[in-house]
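From the two separate chains plus the hints, produce the assembled complex.
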Amino acid sequence: MTTDPKFNPIRKGLLEFLILQIISADKVYVADMMKRLQETDFATQEGTLYPLLSKMRREEYVDYEWQESESGPPRKYYKLTAKGKTQLAEFKDYWAYLNTTINQLGR
Amino acid sequence: MNTVIIINLNGNAFHLEEPGFKSLQAYLERAQAALKDNPDKVEIMADLEQAIADKCARFLLPHKNVLTAAEIDEVLKEMGPVQSENTADAGAAGTGGGSGPNPESKPGVAGAGAPKRLYQIREGAMLSGVCTGLAAYLNVDVTIVRIAFVLLTLLTSGIWILVYLGMMLVVPFANTGEEHAAAAGAPFNAQEVIDRAKKHYGEFKDSKEWRRHWRQQRREWRRQWREGAYWWGHNLQRNVHAVSSSAGYGGHLGATLLIPFLAVFNAVLFCALIAAIVSLATTGAIFGWVVAGSIPLWVSILILMFFYSMISRPLRHARRAIYFNTGGNNFYWFAAWYEILSTGVLILVCWLAYTHLPEVRDFFQHFTQNVTLMWNNIVDSFHHTVSHKPASGIDARLPAAAAAASASAFLALRT
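Residue numbers (our numbering), protein chains in the order written: chain E, 1 to 107; chain A, 1 to 415.
The following block holds chain A by itself, in its conformation from the complex (with noise of 0.2 Å):
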């Protein structure tokens, strides 16, 4: 016994059953995708429409009222994909006769394995489906996914968060079918929508199972974020505990010394980030060095700043066990001390580029127009990623994704 549902195609009533209806309306919402632009969308999905209900017609009975969904899935079959204006001219233009113009179209194109995109995928997200979107559009599992955003969260003593909240406000959620196509690079064809609509629906079918496996792994995320916290802490005072064992005044005048050597190191680090950001930004490679080309600048960004974070963090570490070994109010002294070298450091190494490099001083004496040009690049990384998006939705959010992205950054920065 199956569920029936009662549509209407271009005026014409039909019963199906329930998979099947997903089939169909998986397919048609495909159309409306490819059809996006086409001035004659509302007249093509009627003809579409219609032909589907001639198709339907055929395996109706006096007896036999409802349509299986096996019998839709044939009708798809034969409907086959439909195809935007774009790809079906492409071929029309490579023989040259006399169309119209078409500077869209990507000849060979149609065959090849479909662009993959970065969305969120809300089935199955444990919160927004960031995660899950990655572990799409990377082809691993999510659980590795989720491990990574945990791991990294803890190793940047919970910075991280702030990259999951900036790509939660940027990245698109993937809504229709195509979109779900694109953020997993699967070619997208009407078998291959109802392939996933049929799975989809199962999955819902079996949505106790489903509820029970998600409780399971919600514990399970739970048990690994305690283990987590409690190793850090752990480790944190392990290192604490080293540096004052070895205390006393030579220690003391260690410590001292060690704090010049970290600010120094600190500064400079700092400084080697932001250049090798802003060249990135600006020349797409980093002093000269190329990054492989799938990979958007901002996610390049991103993984500079990881770098960062992983070396400065021991660092870090090391100045806080300074801090505690030498206790008291020599605490704050240290601590302003720290502040007023690094900065005096990093200054001076401005200073030094500005006077030595010049493509510092060009940098700088161009100021705004090189900060528009990194500033549109790395827009255009995020719009190539949400290509068929409409720019106004990503305007609207950018603002508050860089100042997420800007406080993550100065955060990981300053602690």
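For reference, chain E alone in the conformation it holds in the complex (with noise of 0.2 Å):
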């Protein structure tokens, strides 16, 4: 949608809540995150990605689990934790709060 490198830090931010949002609907694997991402304004790549997945499982937001594959080697299904569940609510909760400020303050 926008280009202006000004927006950066606001997409890096929000990456990490993206992939709580998109780890929410069903168990996926990095290849399908990536897909997902791709098609929007948080397109990553796995460089970025597998680093900040591993933070995200230490710090207990998502675990995953292997699961076999028809083709190739098993792949990491990545699921929210509890912890995981919490966090995107608060920072939805947040987001709906950040709107309703930008929006009044511009009255």
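It should be emphasised that the hints constitute simulated quantities derived from the structure, not laboratory data. A virtual CB, placed ideally from N, CA and C, is assigned to each residue, including glycine. It cannot be assumed that every hint is accurate.
[Claimed, not checked] Beta-carbon label-pair distances, calculated as ranges:
id	chain 1	residue 1	chain 2	residue 2	range
1	E	65	A	127	53 to 59 Å
2	E	101	A	8	50 to 56 Å
3	E	11	A	362	35 to 41 Å
4	E	29	A	1	35 to 41 Å
5	E	11	A	161	52 to 58 Å
[To be verified] Some residues of chain A that are not near chain E, with every Cβ distance over 12 Å (derived):
id	residue
6	2
7	27
8	34
9	35
10	61
11	76
12	79
13	81
14	82
15	168
16	169
17	269
18	301
19	333
20	334
21	378
[Claimed, not checked] From the structure, some residues in chain E lie toward chain A, with a derived Cβ separation under 10 Å:
id	residue
22	50
23	51
24	72
25	76
26	79
Set out below in structure tokens:
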């Protein structure tokens, strides 16, 4: 939508929460996540995503399990933990609050 | 036709063309460096290798089982640069979403030009890589740096070599791709690494050409060195002649009077140098004059010492000329007189400074703390240059370097 580099930090900061949102729907593996993000403004690369996911797992927002795939090696399927679900709910509330604040300040 | 290398990516075998292999190696090296402090480094590296393997698989067909360099480049471009934890959550903290604490993150630093650090670069080095590293740091041609080093060596009658030795001991080598990038201050990303790897490969391939070039340069160096030595010796001789031609009783008397003047001047100059170094190392400014922020402390000290030797060199020559001029046994008397005089003046200046300048008295009253402070500041300025090297490595080399530096300082001052 926009390529203004000024918005880069915002996109970067939101990425973690968008991943929580993607995972919240169903268990996903990384290639799926990439595909989903590819269509949006938040297109990202493995080089960014893997370290981020490992950090989120360490902070116990997400977890993964190995699943056999029809083609190729087993894959890591990510899912939300209870902490991750709380975090996502908090984020959505906060996002709504930010929206209201921005709109109200404009008046 | 191209050499093919077989690699193992997280348990999958792949055939790669050699340049492609170099690119991949550089990429993974860079990933390792970025994840250096990450507790999940092994796991992330395995994930990355698996992702690369998945991407590579799509280029393979039943009758095509080798990956070309171009295909590897495309895969690595898709992968994107591996980001360390700190850059990864710098933005997250900015949104304030309640993510974990990240005291070290620097928002907005990701896109900025990479910090420059001084390294020794072995590639294309003649001795250790000090000059190549400095050339990359200062962004000038390495030949200019080498000429400067040779000139400085000649001007300081060889003392500058000790500075070189000191740098050889202290300045770390650029080993990883990331360190190479930091040496030149180049922005570091996957494409950059690929380009550099390719260039390196190209140079390696033409190593015959490379060797020839190197030999030629070495010959050139020897020539310059000889010429320089000749010039220096010739100049000194001329100096001596100039003084001795005006000899006779008057010249003798003039020389006798000149020596105290030289002694006083040299002693005062020496005190000024020491005071300037102390002032610089304790307050970061020379008598209140602030040095440009980007120059590390140890470089400023070297520059100061250089200026000192530039000023004292003609004086030294004049003194030598006087010694030679007087000739015979007088030589020793003059030398002894000069030494006694300059030491006396040195003590006098120190005493005057101690009694009249509160700053100097203050410095000597808290001598140990101040020396510790200076030492820490100087060591810190090295650490800053090599900030992501483990501290233990530099600590082991510092005493040796300090010894070399102080020896060079001492010799430069007393010859």
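Against the structure, the hints:
no.: 1; hint: E:65 x A:127: 53 to 59 Å; result: holds, 56 Å
no.: 2; hint: E:101 x A:8: 50 to 56 Å; result: holds, 53 Å
no.: 3; hint: E:11 x A:362: 35 to 41 Å; result: violated, 55 Å
no.: 4; hint: E:29 x A:1: 35 to 41 Å; result: holds, 39 Å
no.: 5; hint: E:11 x A:161: 52 to 58 Å; result: holds, 54 Å
no.: 6; hint: 2; result: holds, 27 Å
no.: 7; hint: 27; result: violated, 9 Å
no.: 8; hint: 34; result: violated, 8 Å
no.: 9; hint: 35; result: violated, 7 Å
no.: 10; hint: 61; result: holds, 15 Å
no.: 11; hint: 76; result: violated, 9 Å
no.: 12; hint: 79; result: violated, 5 Å
no.: 13; hint: 81; result: violated, 5 Å
no.: 14; hint: 82; result: violated, 4 Å
no.: 15; hint: 168; result: holds, 36 Å
no.: 16; hint: 169; result: holds, 36 Å
no.: 17; hint: 269; result: holds, 53 Å
no.: 18; hint: 301; result: holds, 39 Å
no.: 19; hint: 333; result: holds, 75 Å
no.: 20; hint: 334; result: holds, 71 Å
no.: 21; hint: 378; result: holds, 36 Å
no.: 22; hint: 50; result: holds, 5 Å
no.: 23; hint: 51; result: holds, 5 Å
no.: 24; hint: 72; result: holds, 7 Å
no.: 25; hint: 76; result: holds, 7 Å
no.: 26; hint: 79; result: violated, 17 Å
Going down the numbered hints, you'll see the structure goes against 3, 7, 8, 9, 11, 12, 13, 14 and 26, while the others check out.
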